[in-house]
Amino acid sequence: MNPVILAAQDPTLADFGKDPWWLVLGKILFAFVVAVAATLLGVWFERRVVGRMAVRPGPNQAGPFGLLQTLADGVKLAFKEDILPRKADKVVYFFAPVISVVCAVTALSVIPFGPMVSIFGHRTPLQVTDVSVAVLVVLAFSSLAVYGIVLGGWASGSTYPLLGGLRSAAQLVSYEVTMGLSVVAVFMTAGTMSTSGIVAQQGDGTRLSIGGFDLAAPGWYAILLLPSFIMFFIAIVGETNRAPFDLPEAESELVAGFQTEYSSLKFALFMLSEYVAMVTMSAFTVTLFLGGWHAPWPITIWSGANEGWWPMLWFFGKVIMLVFVFVWLRGTLPRLRYDQFMRFGWKVLLPLNLVWIMVLAGLRSIEDWQARDRLLVTAVGAGVLLLATLFWPARKKEPKPSLQEQADTRPYGSFPLPPMDLQVPPSPRTKRVLAEREPANVVAGPDSREV
Amino acid sequence: MTSATVLAAAGQVSGGEEVTFWILAPLALLGAVGMVWARNAVHSALWLVLTMLCLGVFYVLQAGPFIGMVQIIVYTGAIMMLFLFVLMLVGRDASDSLIETLRGQRVAAVVLGLGFAGLVGTGLYRALDGVQAVGLDQANGEGNVQGIARLLFTKYVFAFELTSALLITAAIGAMVLAHVERRKADRMDQIATMKARFRPGNYPGPKPGPGVYATSSSVATPARLPDGRLTDRSIPEIMPVRELTAEETAPKGTDR
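For the protein sequence lines, the chains are A and B, in the order given. Note that the first sequence covers residues 3 to 453 in my numbering. Note that the second sequence covers residues 64 to 319 in my numbering.
Please keep in mind that the hints were generated in silico from the structure rather than gathered at the bench. Incorrect hints may have been included.
Claimed, not checked - Calculated lysine to any residue pairs in the SDA-like style (CA-CA distance at most 20 Å, straight line):
#1 K258(B) x P413(A)
#2 K402(A) x M251(B)
#3 K92(A) x L150(B)
#4 K399(A) x D249(B)
#5 K92(A) x L113(B)
#6 K92(A) x S107(B)
#7 K402(A) x T256(B)
#8 K258(B) x A409(A)
#9 K247(B) x R397(A)
#10 K258(B) x P403(A)
#11 K349(A) x K247(B)
#12 K258(B) x S404(A)
Computed from a prediction, not measured in an experiment: that's the story for all the values here.
Can you make the complete structure from the sequences, with help from the hints?
Here you go:
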């Protein structure tokens, strides 16, 4: 573990659990309001951004810039008829959207929004709570959120929702493996599983001394552990059912997947949970890989950037940036086919992740060797990897025979083919039509004829 | 370590721990009973999920936050999800039948179950009455996760590796048993399928429909070719061959 000088504003685990009851209540309320406001603004943001990508305005009528559009949609949704399918399993049908929302919102409770601040004289971290296994808490809630979708699909009592539920069960279990493995690299580097601890570890980072100057290199794990960051982000896109991985609700195949039979408030709850999950997972990524509430580089020149309430601004800025990436992916990429998606998860992401963790473990185990030995071992490893890539038996394709050769080698009795250089004569019919239409172009003369 | 963990490590029962226990313990029992009681297999699985979640919280209360979270992630998140997956594949109406195959089976099960529970309960109660938990401080001294990792990768590393080898063998065995062998040469892409369709000797168009006559319009009636022969291609292969008498196949004089 890097020796990190913990600054005064970095909370430790000992700082939690000392708040008075009203402060705890206030923090919980704040996390909940963040979740709901993120949904209201998130839907608007997504529609505006996708609209801009598709060269159209998007919602712009209700309120300034169409900001109240989501609110209007939400109110409309609440007044719609609540349909209960006859074959539905009533209790499970009711609880499925509730499970989804509860899991998505509760995960926000271990996300650090900022450093230690002073609220009415109490010094307290801007985080509802933290435990020594906080990252696992988020993973647990995201794995429980699957139940909402799967049970919603099953309890609807019809075929398409059931297929959507089955798909999501397989999808989320597979992508959870990748997600968990990507987080392992963060655990190994940070040496802790508490979210506030991981943020604190990224704050200081590695110190390089070049020519007598002490330079603080960026300690963000997105840079130090780039492969983990990329694979983690792909996994959370799969985990939140967002395009291009929105197979549980693939409209082109399954009508609306698991939520086909849902209407009114229950459908609104599913929508809510989708957007809250997107924001929660973005905040989780920011915490694990993008330095949490720490200010990004050019702002760090200002010494007060990481103190007081400012960090909340950096934190939400990073979250909005990640949400934009989510929307960008949705606006750009077509949905994957189901088998391609599963193959990508199990045959690409999983082995890559395992190899990367092994490389990282190797690098960390030689960390305290002498510089020469370390260089030697790294060079030998890199050389072996390079040679293996160079001499890997390539699957060379045989040159394809030309079209004429293919046509010549066809067996006797095949269907006749027209000659390759066939010139199609212009149809005599087109000429006639042109001739007939010609008078229409004549400029109207003086009004001599009776019409 | 949070304050709850510290208190649990000291062997005391804090007020919060007691409240949590008395709320969750009945729920866990309710889940266990509901799991046996429920008619529907999916409901049964959901009751079991409730029990597992309560157990996860109990582990956290007992100063084992790591094992508690792993219980929730692995058991409820992955294993029960696979259970549900299979149950949903089997079908939603897979309820238990209520016919007793053995006489007095239910009564015997209730009596034996209650007896076993009483035996284990009293035994545990008498054995653990007034026992103080010792050694939690040392075990959690450098953090719960670090403590588990140290034991797992030093003292019990052989057992750990053996278990993982067993699990991997089981997983590969399941895949081998479930795998349908398909050679690469047998797999046809779209172009190969089209070429096979237009190869000489294969008729690429749709098959003719069944014959429609004044006497019969059944799907089992073969159609007649232009030269007067009957064609087998016009009737589905699964149809039993219908033996027609010479009178039935003879032209009825409507074709003049």
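Hint by hint, here is what the structure shows:
1. At most 20 Å may separate the alpha-carbon atoms for a hinted pair to count; K258(B) and P413(A) meet this at roughly 11 Å.
2. The straight-line distance between the Cα atoms of K402(A) and M251(B) is roughly 17 Å, inside the 20 Å bound, and the hint therefore holds.
3. A distance of roughly 18 Å separates the Cα atoms of K92(A) and L150(B); the hinted pair therefore holds under the 20 Å criterion.
4. Of the pairs offered as hints, the one joining K399(A) and D249(B) holds, with about 19 Å between alpha carbons and a cut-off of 20 Å not exceeded.
5. With a C-alpha separation of about 18 Å, the suggested pair K92(A) and L113(B) falls inside the 20 Å cut-off, and the hint holds.
6. With a C-alpha separation of about 15 Å, the suggested pair K92(A) and S107(B) falls inside the 20 Å cut-off, and the hint holds.
7. Restraint check for K402(A) and T256(B): satisfied, since their Cα atoms lie roughly 18 Å apart, inside the 20 Å limit.
8. For the proposed pair K258(B) and A409(A), the alpha carbon gap of about 12 Å is at most 20 Å, so the pair holds.
9. Among the hinted pairs, K247(B) with R397(A) is consistent with the structure: their alpha-carbon atoms are about 15 Å apart, no more than 20 Å.
10. Simply put, K258(B) and P403(A) have alpha-carbon atoms about 15 Å apart, close enough for the 20 Å limit, and the pair holds.
11. Only pairs whose Cα atoms come within 20 Å are accepted, and K349(A) paired with K247(B) is accepted, the gap being roughly 18 Å.
12. For a cut-off of 20 Å, the pair hint linking K258(B) to S404(A) stands: about 16 Å separates their Cα positions.
Of the numbered hints given earlier, the model fails none.
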